[in-house]
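One rule links them: number in the numbering used here = place in the sequence shown (from 1) + 850.
Be careful, since some hints might not be right.
[Stated by the list, open to error] Below, in silico cross-link-like pairs of lysine to aspartate or glutamate (DMTMM-like), each with a Cα-Cα straight-line distance of 25 Å or less:
| id | residue 1 | residue 2 |
| --- | --- | --- |
| 1 | Lys-1017 | Glu-1031 |
| 2 | Lys-1017 | Glu-1032 |
| 3 | Lys-1017 | Asp-984 |
| 4 | Lys-1033 | Glu-1012 |
It should be emphasised that the hints constitute simulated quantities derived from the structure, not laboratory data.
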Amino acid sequence: MHDPREADSAAEHMLVVAAQHQPAAFDALYRRYVGPIYRYVRGRVGNQLDAEDVTAQVFYQALVALPHYRLTEHPFAAWLFRIARNCVVSHLRRRPALPLDAVAEPNGAHPSQEDLVVRRELVREVGRAVRRLDVARQELLALYYGAGLHVPEIARVLGRSEASTYKLLERTVAALRREFEEKEQGDGASRDA
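Use the sequences and the hints to build the structure in full.
Okay, here's the thing in structure tokens:
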């Protein structure tokens, strides 16, 4: 039986080899990964302009380092996301923290005032809950929800085993869920009083 992941891996291998010998061939790798890398970066840096700048930096660094990339060490996606992770960390060290109130609405959306208030409060609550997590858990959530990576890919990016990555994700989501359920129950009890 033919595994589509093997074919995809072989195709990616050919793209990487081509790009290592001919930089113009890097465009195919860029098109393949720019969306997931941008989503990951945007989730970590918080605004479109910075995310675009950091994403450009990721691909610039990848292009420069590509001749030194060894196909046998790590899958290309894991290598690229490590570059992205390092670029994000460098960016976050250089800039002041951005308050969650500064997060803009999606392209052209015009929600009602009530929806805006509810949404802003929810964003604040989620942001506070995520910021209370340690950096490893924040990174894990950004890779999973922001970049849309699967657990095996995240494990390679973070340098962890798949089992420990899956368990950490499971525990992190469960802890956040519990926190919000407890808050909701507490809010319901205070409204009933």
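How the hints compare with the structure:
no.: 1; hint: Lys-1017 to Glu-1031; result: holds (21 Å)
no.: 2; hint: Lys-1017 to Glu-1032; result: holds (22 Å)
no.: 3; hint: Lys-1017 to Asp-984; result: holds (15 Å)
no.: 4; hint: Lys-1033 to Glu-1012; result: violated (32 Å)
In this structure, the one hint that does not hold is number 4.
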